[in-house]
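Trainee: Fit chain B to the known structure of chain A by using the hints.
Protein chains: 2
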Amino acid sequence: MGGAGTGEAVTGGASTDELAERVQAGDQRALARVISLIESGDPRVRSVMKALAPSVSGARVIGLTGAPGAGKSTVTSALVKAFRGAGERVAVLAVDPSSPFSGGALLGDRVRMQGHATDSGVFIRSMASRGQLGGLAAATPQGVRAMDAAGFGVILIETVGVGQAEVEIASAADSTIVLVVPGMGDSIQAAKAGVLEVADVLVVNKADRPDTQATVRDLRNMIALSSAEWKPPIVTTVGTSGEGIDDLVRQLDRHWEWLGTGGERERRRLGRARDEVTALAFGVVRERLAVPDELAARVAAGETGPLEAAAELLASTGF
Amino acid sequence: MGGAGTGEAVTGGASTDELAERVQAGDQRALARVISLIESGDPRVRSVMKALAPSVSGARVIGLTGAPGAGKSTVTSALVKAFRGAGERVAVLAVDPSSPFSGGALLGDRVRMQGHATDSGVFIRSMASRGQLGGLAAATPQGVRAMDAAGFGVILIETVGVGQAEVEIASAADSTIVLVVPGMGDSIQAAKAGVLEVADVLVVNKADRPDTQATVRDLRNMIALSSAEWKPPIVTTVGTSGEGIDDLVRQLDRHWEWLGTGGERERRRLGRARDEVTALAFGVVRERLAVPDELAARVAAGETGPLEAAAELLASTGF
Chain A
21 MGGAGTGEAV TGGASTDELA ERVQAGDQRA LARVISLIES GDPRVRSVMK
71 ALAPSVSGAR VIGLTGAPGA GKSTVTSALV KAFRGAGERV AVLAVDPSSP
121 FSGGALLGDR VRMQGHATDS GVFIRSMASR GQLGGLAAAT PQGVRAMDAA
171 GFGVILIETV GVGQAEVEIA SAADSTIVLV VPGMGDSIQA AKAGVLEVAD
221 VLVVNKADRP DTQATVRDLR NMIALSSAEW KPPIVTTVGT SGEGIDDLVR
271 QLDRHWEWLG TGGERERRRL GRARDEVTAL AFGVVRERLA VPDELAARVA
321 AGETGPLEAA AELLASTGF
Chain B
21 MGGAGTGEAV TGGASTDELA ERVQAGDQRA LARVISLIES GDPRVRSVMK
71 ALAPSVSGAR VIGLTGAPGA GKSTVTSALV KAFRGAGERV AVLAVDPSSP
121 FSGGALLGDR VRMQGHATDS GVFIRSMASR GQLGGLAAAT PQGVRAMDAA
171 GFGVILIETV GVGQAEVEIA SAADSTIVLV VPGMGDSIQA AKAGVLEVAD
221 VLVVNKADRP DTQATVRDLR NMIALSSAEW KPPIVTTVGT SGEGIDDLVR
271 QLDRHWEWLG TGGERERRRL GRARDEVTAL AFGVVRERLA VPDELAARVA
321 AGETGPLEAA AELLASTGF
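Chains as they are written, first to last, in our numbering: chain A, 21 to 339; chain B, 21 to 339.
Any given hint might turn out to be false.
Ranges of calculated distance between the beta carbons of each label pair, as one might list FRET restraints [stated by the list, open to error]:
1) Arg104/A <-> Pro63/B: 52 to 60 Å
2) Glu284/B <-> Glu286/A: 49 to 57 Å
3) Ser35/B <-> Glu277/A: 56 to 64 Å
4) Gly135/B <-> Arg306/A: 38 to 46 Å
5) Ser247/B <-> Pro63/A: 30 to 38 Å
6) Gly282/A <-> Glu263/B: 55 to 63 Å
Footprint (simulated), chain B over chain A, 3 or more residues, beta carbon under 8 Å [unchecked claim]:
7) 57 to 69
8) 72 to 78
9) 316 to 323
It should be emphasised that the hints constitute simulated quantities derived from the structure, not laboratory data.
Keep in mind that this is a model prediction, so the values were computed, not measured.
Cβ coordinates follow ideal geometry from the N, Cα and C atoms, glycine included.
Just chain A, with the same shape it has in the complex:
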């Protein structure tokens, strides 16, 4: 394939097969390059991912989400330490949902996690959406798969959790942790509607604050109303001191075991594959569905209804 200019700079002059081989050998620089290719929507991703496919062995993927200020980075960092202590190689994918409102926050998080920078059993990368095919909904599972192929047994996806995009990204995980902070009445209230839908484990972080027990009680009352088979356990942690992290790991293990029974793990992975393919197909459609100026002008002038215009657009593409 070769590739010239920036392309060659990204692959370091290596062919995509060579690059895949180096990832499979655990070369972190090669892995970082592959994630850059995914991030930039490089067409060579297709052949790299194909070459990596045989090495993908089903790493355990843990999602971690929560509002800004909930302490995601410190908890992630503490989890990295705990899983390293258990002999796992751990990769962290910090996903920036590419909202203009949240840009930059995750970069800061990355810096705070530099405590693991010298450990070759830890790999940390952030990923933003720069116009990949299918957006982050497609790029996240690709990044996870590349990390898996590089031999990381535990992959943590960290993302700022407030909107639908973040929920979609969290759905790429086997187990999802939702972080809340005591005394943030607003955020708890805002989280109520959706928290049970995505949380496999609920963490009340910064649990040295006064309102901790009230928050735990609120969450417990919410959970009591759920009819889901898996009731998310509530863990209290102090990310900065590591307090409660052992318990969090225990609850994650318990969830991982539960996933293995009754086929839930396979069902989730099937759903994940379906979401990824849909997102990629959507990316292709998005590129082709450009509204002609003339059609937009007719809609803006009220001459053509928007639904009629959409039908016209689709007919013109043969869909």
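Mentor: Then chain B, alone, in the frame of chain A:
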């Protein structure tokens, strides 16, 4: 068209033409019904919107966004009062970006605005996404158009602003207000990257707090770096007392005038029509692009790459 069961309940037994006529006559109950139809993705929306089209006269649309707790409802309410004072009929569309994390917050906002409930020149509705074709990106402009057809000259779109979805919704407006609060270091930092992209007017609300001037200075420094033709003015307000609202209205008027010069208003409306048609076309595509179980299973097992699977899926639909 008629319609039976729930459908008839929603249209009140009226034909879509009758419903449209009542909206055009300014009947608020009919308008509420049309928005319910839009919200639920009812297929009759198409004929209702077609019948309403001749009455759409280009109302002034103002978007208002900001993080939870920024005081969006009080500022919206104060703006309603100010525009009413200027003799305008004002409609408010409180858009819930349908994130499971933010559900419920806007309902509370609605209640807080009941001060206008007895004024027939004010119409307030919230709208959530319940599976409309194209999601809220398509539903929002439809709701705006219905309000416009009902004779409201000023339409305020209020939405919780943190993610991409909210930015898309704000883009349905002629002028977008971004609300920040003094002393919320995190939120300012988080907002930095995107705030200049979407804000036509920046409001520092709760300006009776101590850090107000520091926040204004921060924002001013950000704006100084922008090369955009329109530099967003910064207004300080206290929504609860109405302080600064007159200045906000003046700045909105200034922006509205600026939009009229150089064709910017038309450019924005064209862009808006384009976005709406794209969102609707996407909704149709989404319904048709279902990944078959067998294909998802092959991807989950690593037998077929996701990009190959996406290509296969698209080929099977003839796209």
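Trainee: With reference to the structure, classify each hint as holding or not holding.
Mentor: Here is what the structure says about each hint:
1. Arg104/A <-> Pro63/B: 52 to 60 Å: 55 Å, holds
2. Glu284/B <-> Glu286/A: 49 to 57 Å: 53 Å, holds
3. Ser35/B <-> Glu277/A: 56 to 64 Å: 58 Å, holds
4. Gly135/B <-> Arg306/A: 38 to 46 Å: With a Cβ separation near 43 Å, Gly135/B and Arg306/A satisfy 38 to 46 Å, so the hint holds.
5. Ser247/B <-> Pro63/A: 30 to 38 Å: 32 Å, holds
6. Gly282/A <-> Glu263/B: 55 to 63 Å: Holds, since Gly282/A and Glu263/B (Cβ atoms, about 60 Å apart) stay within the stated range.
7. 57 to 69: Holds, because 3 residues of the stretch 57 to 69 of chain A bring their Cβ atoms closer than 8 Å to Cβ atoms of chain B.
8. 72 to 78: holds (count 3)
9. 316 to 323: holds (count 5)
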